[in-house]
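J.: Please arrange chain U on chain H, whose structure you already have, making use of the hints.
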Amino acid sequence: MQIGLDIGSTTIKIAVLDDAGKLLFAKYQRHYSQIAEKIQELLQELFAKFPLLKTAHLAVSGSAGIGVAEGCGLQFVQEVFAEKVCTERLNPGTDVVIELGGEDAKLLFLGKHFDARMNDSCAGGTGAFIDQMASLLNVATEDMNSMAQKAQNIYTIASRCGVFAKSDIQPLLNQGAPKNDLAASIFQAVAQQAVTGLAKGRPINGKVLYLGGPLTFMSCLRDCFDKILNVKGTCPENSLYYVAMGTALCAEHSVDLRALPNKLQATAACRTFEHLSPLFANEEEYLFFNARHNTERVATADIATASEAYLGIDSGSTTIKIAVVSPKGELLKSFYQSNKGNPVIAVKEFLQNFYVEYPQCKLIASAVTGYGEDLIRHGFGVDYGIVETIAHFLAAKSLQPSVDFILDIGGQDIKCLKIHNGCIDNIFLNEACSSGCGSFLQTFAEILGYSAEEFAKIGLFADKPVDLGSRCTVFMNSSVKQAQKDGASVANISAGLSLSIVKNALYKVIRPGSKEAIGKHIVVQGGTFLNDCVLRAFEKEMGLEVVRPNIAGLMGAYGAALYARGRHEQAPKTSTLLDAAALAQFKHQVKSVTCGLCSNHCHLTVNTFASGKPFISGNRCERPVTHCAPDNSLNLYRQKLDLLAGLNERESSGVRGTMGIPMGLNMYELLPFWHAFFSNLGFKVVVSPIADKKISKMGQNTIPSDTVCYPAKLMHGHIKWLLEQGVTNIFYPCMTYNVEEGNGENCYNCPVVAYYPEVLHANVQELEQCNFFFDYVGLGNNKVLAKKLAAMLNKAFPDITMKEIKNALLQAYIAYDLFEGEVRRQGRRIISAAREQGKPIIVLAGRPYHIDPKVNHSIDRLITTMGAALVSEDAVSSHIEPKQLAAELQVLNQWTYHSRLYAAAKYVANNEDMHMVQLVSFGCGCDAITADECRRLLEESGKIYTQIKIDDIDNLGTAKIRLRSLFAAVGLES
Amino acid sequence: MESHAVFTPEMKKTHTILIPSMLPWHFNLLKAALVSCGYKAELLDNRDRSVVETGLKYVNNDICYPALLVIGQFINALESGKYDVNHVALIMTQTGGGCRASNYIHLLRKGLEQAGFGHIPVISLNLAGMEEQPGFDLSLKMIKRMLAAVVYGDVLMYLSNKIRPYEVVAGGADALAGRWLTKLEDMFRAGKGQTLSSIYQFGREITKDFAKLPIVAKDKIKVGVVGEIYIKYSDLGNNCLENFLQKQNCEYMLPGVMNFVMYGADTYLIDYKLYGGSMMKYGTAKIAMWYLQRLEKAMRKALDYSPFKAPASYEETKAMVKGVIGYGNNMGEGWLLTAEMLELAKNGYNNIICAQPFGCLPNHIAGRGMINKIKELVEDANILPIDYDASASKVNQENRIKLMLATAR
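Chains as they are written, first to last, in the numbering used here: chain H, 1 to 974; chain U, 1001 to 1409.
So here's chain H without its partners, still in its complex pose:
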């Protein structure tokens, strides 16, 4: 008899084959990290079925199987290899196998050119991801499939990583997008991720086999794969057990099955893992800790006796919180509940009940904050809207007037506010990639089979909290997996997760230079801090005692109510909040449409309420609301785009044919140069269009490195586009050095900008059909440049003379200077116009290619609609004296684009009416350096540094919070 045990990250599978390879017994179950126990259960079941069974050939596979195999001296078979063996046996002739597992996605190319791929550690679009998304939608994983079948619309959801996708889905939920559509969109995202992440340029066709849990149970997911791959794949019988069966087939050693349970027990006992010191030394310490925090309470009063009150609503990412506050600031009533994916229903029910129960209490003003702010405000006629950060500040200040630091960890966000002289001095928010927040703890609790509260309790007295590091959720999944393998108990995992959340907040988001830099009077809040493990972990890590209000989870709502009170006292008016009668008529309908007013094709969610006027969300500009074209007069990003677009109107004889140029990375700046050069040589220059959705998808399957920055990934689409136009010449040179501007010690490009043409050449096969000019050139020495260009072009165009090239170069240098001069001139014009109109000026600092609306997701428009003028970094960087800058910099300043960032930061620091917002591409290693340095330059002059990380993530929610917080903190938001 042959036995295979496949121990995955979440499930355990057993397959028993007879000697002819026939399946006798198979079983699949979740192990909740109780691996040894579950194996024993399975063995017992096996013994019951085969009472005479004593020995069998047995091997172990799966990510959690390595430890078991090592501990018990069993044979280990790598799972992908097992899958290969089984497929070759049962489904000969298969070309490609796609398997989605708990946390792994695998792709096997069988046959002569065998190749196997597994997802990189930073790509979580797998089974566990679907689980996580299901819990976010508040549905059972099993229901996802039937929901997806009813979908009518697919939303774009960032598929690269679970956290990104989550931050796309959450706001869609809050805007009222139908769950059926979301379920289908999630499947689409998973399939997209698996295909692009794993195929890496190799085409998938022929006979395709689908294996693993998610693909077995969810037919819609299979359909998504079929559609993307344009094949009809099959899901074979026993598709869950291929790894287990393959392992059984590979098993070579006879194992005494009856002795195995004891062995498992013994190894489970002696495993070790990296751990930290316990949260509490003993129960007494905990009681003492508890008593201290019990004194931190907000004043309350009896609502039955109240006649007037203020209403505050915090419509958060996963929960909805409501506070009713007396004019004296006492909390009269509170409400805290999961929004179950629809905040509108929760608010409506609360208000209905409130009007019935407390008819004597008049709500004189109301305010709403959080992700669902706009929706709730619109639907219920709430008087004021307020950005979360300010709401939290108001609440904390009322409880602890001397507060100088607030840390709020909510479901999706970490927010930190530094307070100086009673004003917000600095704001830190977590990046989309480090959201190790509350919902993450909850999801883990659920995966391990506990409620969030139970999970927190269990962790309190853990003896050896697991050391899980402080990175993003996807990494955390694998760390937990490793800890489970090493035999960490649930208690130690719970405590370890709490510690890692705290470290994440401290070292990823806040990054304090020292503990003193954080502050003395710290208030921590947000639902996550109601978990005593997290609170204790924070105090321990900081070595400080902090204040956690008893309404930690309610602070946003409480702050909103206080804000309503403040506004009302300032300028009293009659509240527009729906009253009982209006509420009785309340209707809410959701519809999703695609906006056709420009090439962005935003997916709009239209909420219609009884009042009639629709509320539109998902839009990137005001056009669908106002039906006017956006105003670009104070937006240098758009003006630069117009300048670049204008180049294409240049006349050229085209006698030498066409020359294609991909519009991305450094071309956003060098296009004027090369355009002039080739036009002068008699080429008709064909430039790929400024990226749109189609282009970004076109090249996806040729990207070899999943973690390279998004602007680089787009280059693949541009090249494909050019090839589709039938362009026979494409020019995109490698450039180690950038333009020398005298601002730094050297003028390098970053490695990606410098050498990306090499990647295209090596991975876009169709490029072989055309002349792809990608040799190394530099603009610094025009004589050498002329020689290099001649050598490069003469290979295909031997008739081009040196004289022509020199002439064309002359024109090219002039065109470049003209362009740069024009950008600076327009920048100056915008700055002076803004000053005349008394508008604040935002320097949206990035690199030239950040003006691509597909890269910046139209953050520029968001800023201008918020009432600011916007210029780019290169419009102001030339105003700084290089020597003065060099004297202040603490980093090596040798990249042209970086030099501009430093100079721009310095310039902003010197100008009262300017603020800097830095755009950072996810995965841009260079910006780990520039961000810290720009922050330092700004903060030393008392300015707030705001950073927005961008990727293919389509949602502007967090960007909005950042920008509004910045505007509010500098007193610009009314």
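Think of the hints as simulated: they come from the structure by calculation, not from any bench.
Each residue gets a CB set at the ideal place from its N, CA and C atoms; glycine is no exception.
Keep in mind that a hint or two might mislead.
Unchecked claim - Examples of chain H residues lying across from chain U (beta carbon under 8 Å, computed):
| # | residue |
| --- | --- |
| 1 | Asn701 |
| 2 | Pro704 |
| 3 | Gly780 |
T.: The following block gives chain U in isolation, referenced to the frame of chain H:
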């Protein structure tokens, strides 16, 4: 630049220079070379998890992993109480060039400042004349001694990697390398063993000693390890990759450090040809290259002794990527990385691990970006890129290596 702590000439006598760990043999010999030039030096040996934790605390977490580790190791050592923090200096290599690694020294200074060690001088070890320190004179003599250290290090690494998988007496190869290391250190401190002729002479003696070790033929999977220089060499960076491979029944090969040194010098020659520039630098690089080639020749001649074969020379390796990737691609490991993969694949080490820090910029191009191309050229190349990071899980990494080994041909 703002002023920072200076390493004064007096400190040569009073201060101990701390060296981060990377490669055991090379770095111990580099230490000996420093000592032979009159400096006090010590190689750090703190290598546990607390190094990573310290790094996470004092370095922007998005910076690449080697920087985090090296800086973490320094600060962790300073905090350990083992060293008199008023009488130490730190040394760090600074490669220059367009990779962000050129900025590590500044990040180290920032970290030191935060940790309260702002007064400790940091010496930049580079040949580009960056960040000069009055008390640290990178003389021709010292350069020659350091290069000798690199050559001996490469010899010991190459021979022990060749013998270790097949040795009859477990640990024999490492013990022999250890004995030679002690001997070489003594010679270095006395300023001996560093001329071209003695490099050949002792190199040959070492090779002969290794050839005498009893070996037995075993069926091993041959694995090449390439990647970002720190991660591929340092066990702290790659979660003890060599150890793991050894346990998995592999013979593994790491290309030598000399390749990287020669690649560094060659960059000046290549850039001059591509973009023009200073004749002076070009001339200096030419001379350096001439000397390096002679060193390499001596080393290869010494190693060319049965059963060993001299490893591919720099020029041979370089020739392999002609038409595959441009020589102008020279940030980080640049084209050399692609070349080393091809060299290994063509010479029997067709299972290749490409180890890099998570998000390594040059490796997007020359590592991951070139894999499809290499597979076109060498059909049975089996290449696995692995990212290393403060919290990437070892289980995942090892599982992927196991997959590569299971499908090894």
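J.: It remains to establish, for every hint, whether it holds in the given structure.
T.: Tested hints:
Given hint, Asn701(H) at the interface with chain U, is violated; its Cβ is 12 Å from that chain's nearest Cβ, farther than 8 Å. Given hint, Pro704(H) at the interface with chain U, holds; its Cβ is 5 Å from that chain's nearest Cβ, closer than 8 Å. Below 8 Å, beta-carbon pairs count as interface contacts, and Gly780(H) has one with chain U at about 6 Å; its hint therefore holds.
In this structure, the one hint that does not hold is number 1.
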